[in-house]
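I would like the entire structure built from these sequences, with the hints used as guidance.
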Amino acid sequence: MPPLSTDEIHQKVEALALPLLAQAGVDLVELSVGRYKDDVIIRFTADLPRLGRGRPAGGITIGQCSTLNHTIVGAVDADGFLGLQGYSLEFSSPGLDRPLVTLKDFGRSLDRVVRFWLKEPVEGKTEHSGVLVAVSDGTLVVQTAKKREIVLPLGQIIKGMLII
Numbered sequence: 006m007p008p009l010s011t012d013e014i015h016q017k018v019e020a021l022a023l024p025l026l027a028q029a030g031v032d033l034v035e036l037s038v039g040r041y042k043d044d045v046i047i048r049f050t051a052d053l054p055r056l057g058r059g060r061p062a063g064g065i066t067i068g069q070c071s072t073l074n075h076t077i078v079g080a081v082d083a084d085g086f087l088g089l090q091g092y093s094l095e096f097s098s099p100g101l102d103r104p105l106v107t108l109k110d111f112g113r114s115l116d117r118v119v120r121f122w123l124k125e126p127v128e129g130k131t132e133h134s135g136v137l138v139a140v141s142d143g144t145l146v147v148q149t150a151k152k153r154e155i156v157l158p159l160g161q162i163i164k165g166m167l168i169i
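Here the working numbering is used: the sequence shown runs in plain steps of one and ends on residue 169.
Calculated directly from the structure, the hints in this document are not laboratory data. Small disclaimer: the values here were computed from a predicted structure and weren't measured. Keep in mind that a hint or two might mislead.
To be verified - Cβ pair distances, simulated, as ranges:
| no. | residue 1 | residue 2 | range |
| --- | --- | --- | --- |
| 1 | LEU25 | LYS130 | 41 to 47 Å |
| 2 | VAL146 | HIS15 | 19 to 25 Å |
| 3 | GLY30 | GLU128 | 35 to 41 Å |
| 4 | GLY30 | GLU125 | 36 to 42 Å |
| 5 | HIS75 | GLY143 | 38 to 44 Å |
| 6 | HIS75 | THR149 | 42 to 48 Å |
To be verified - Derived pair list, reagent style BS3-like, types lysine-lysine, alpha-carbon separation capped at 30 Å:
| no. | residue 1 | residue 2 |
| --- | --- | --- |
| 7 | LYS109 | LYS151 |
| 8 | LYS17 | LYS152 |
| 9 | LYS164 | LYS151 |
| 10 | LYS151 | LYS124 |
| 11 | LYS109 | LYS130 |
| 12 | LYS109 | LYS124 |
| 13 | LYS151 | LYS130 |
| 14 | LYS109 | LYS164 |
| 15 | LYS152 | LYS124 |
| 16 | LYS164 | LYS124 |
| 17 | LYS17 | LYS42 |
| 18 | LYS152 | LYS109 |
| 19 | LYS130 | LYS164 |
| 20 | LYS164 | LYS152 |
| 21 | LYS152 | LYS130 |
Ideal Cβ placement from N, Cα and C applies to all residues, glycine included.
What follows is the structure in structure tokens.
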């Protein structure tokens with residue numbers, strides 16, 4: 006049987022891991038699968054969800070990352086889809102300086118100071134910063150230091166970052 010492609014491994018690992026992460030009350034931020042020589046490298050980035058507007062749950066702990074790493078390794082080994090192929094599984098938190106990419110990332114950043122870079126100017130500028138006050142399916146609302154609210158179309162955002 007030929008080895009699985011990285012896309013196939015990604016799909017299988019994600020299907021195994023998502024229920025385990027949900028059971029632990031953890032959100033998947035990113036999952037990547039790559040190869041190094043003959044081994045498969047599986048990298049998880051996960052975080053705790055926000056408990057409500059303006060109330061961060063705090064970041065995922067090293068202990069939680071370690072426990073989830075062992076749990077997911079156990080599930081991958083039990084499933085056996087990698088056969089005898091060597092692999093490593095890395096599990097980490099996203100860190101404070103990670104880019105904001107998904108709608109969930111933006112939702113976690115409500116009431117925090119953020120900076121956005123845009124493809125096209127909004128109100129004459131391609132860079133805006135302020136407190137993220139609202140997130141919807143298609144737009145974000147940022148309140149500037151001058152207390153003006155600017156609506157940013159989600160599709161125009163190149164990158165968003167928390168200002169630490």
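Against the structure, the hints come out as follows:
no., hint, result
1, LEU25 x LYS130: 41 to 47 Å, "holds (43 Å)"
2, VAL146 x HIS15: 19 to 25 Å, "violated (34 Å)"
3, GLY30 x GLU128: 35 to 41 Å, "holds (39 Å)"
4, GLY30 x GLU125: 36 to 42 Å, "holds (38 Å)"
5, HIS75 x GLY143: 38 to 44 Å, "holds (40 Å)"
6, HIS75 x THR149: 42 to 48 Å, "holds (45 Å)"
7, LYS109 x LYS151, "holds (27 Å)"
8, LYS17 x LYS152, "violated (47 Å)"
9, LYS164 x LYS151, "holds (22 Å)"
10, LYS151 x LYS124, "holds (23 Å)"
11, LYS109 x LYS130, "holds (25 Å)"
12, LYS109 x LYS124, "holds (21 Å)"
13, LYS151 x LYS130, "holds (15 Å)"
14, LYS109 x LYS164, "holds (14 Å)"
15, LYS152 x LYS124, "holds (24 Å)"
16, LYS164 x LYS124, "holds (9 Å)"
17, LYS17 x LYS42, "holds (21 Å)"
18, LYS152 x LYS109, "holds (25 Å)"
19, LYS130 x LYS164, "holds (14 Å)"
20, LYS164 x LYS152, "holds (22 Å)"
21, LYS152 x LYS130, "holds (17 Å)"
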